[in-house]
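Residue 1165, in the working numbering, is where the sequence shown stops; the numbers in between run on with no holes.
What the hints contain is simulated information worked out from the structure, not anything from laboratory work. Hints are supplied without guarantee of correctness; some may be wrong.
[Said to hold, decoys possible] Heads up, simulated DSS-like pairs for lysine-lysine below, C-alpha to C-alpha not over 27 Å straight-line:
id : residue 1 : residue 2
1  : Lys1058   : Lys1028
2  : Lys1155   : Lys1069
3  : Lys1082   : Lys1038
4  : Lys1026   : Lys1067
5  : Lys1030   : Lys1082
6  : Lys1082   : Lys1058
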Amino acid sequence: ILFFVTSNKNIKIKNKNARIEIIKSVNNQNYQTGYLKSKRFKKKNLFIILKDKKKLIGTGWLYFGKDKWLISEINKKIQINNYYLLYDFMIIKKFRNMGYYSDFLKLIKKNFSRNNLCIYTTLNNFKSYRGIRSSGFILQKIISKFFTLKV
């Protein structure tokens, strides 16, 4: 697992009409509640939506808490003190390879500029890696089931 943290680097957004919407509860009337995972809202996670004009482009989640975070890909819990964790991001297939993923992360960084953000991806997810890096995140450590390497 490659683990990234925010940098102060300010990067321009490619898709000028892209906007994010933050949903704090499953009671939001604009979206079908079946699509949202209500257990995550009970744990105070935020659901984040990326739109371009009125089109839904992608979704993701933000977590902040004191509990250890389980990275299910390697079945290991990590402590993320003082960080807001970004996870489970998805760009709708027809909008991939258009720069939306990195714009999504840039908009979140801008919206949460007073907070430390972190995000991770698997070692073999090259497109995710490229999007995370181009949005101004810095590789902090490599995490495996057995060890952690600081970079």
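Taking the hints in turn, this is what the structure says about them:
At roughly 31 Å between alpha-carbon atoms, Lys1058 and Lys1028 are farther apart than 27 Å, so this suggested pair is violated. Of the pairs offered as hints, the one joining Lys1155 and Lys1069 is violated, with about 35 Å between alpha carbons and a cut-off of 27 Å exceeded. A threshold of 27 Å between alpha carbons decides the hint, and for Lys1082 with Lys1038 the separation of about 21 Å falls inside it, so the pair holds. For a cut-off of 27 Å, the pair hint linking Lys1026 to Lys1067 stands: about 18 Å separates their Cα positions.
Distance restraint check for Lys1030 and Lys1082: the Cα-Cα separation of roughly 36 Å exceeds the 27 Å cut-off, and the hinted pair is therefore not satisfied. Straight-line distance between C-alpha atoms of Lys1082 and Lys1058 comes to about 14 Å, which keeps the hinted pair within the 27 Å bound.
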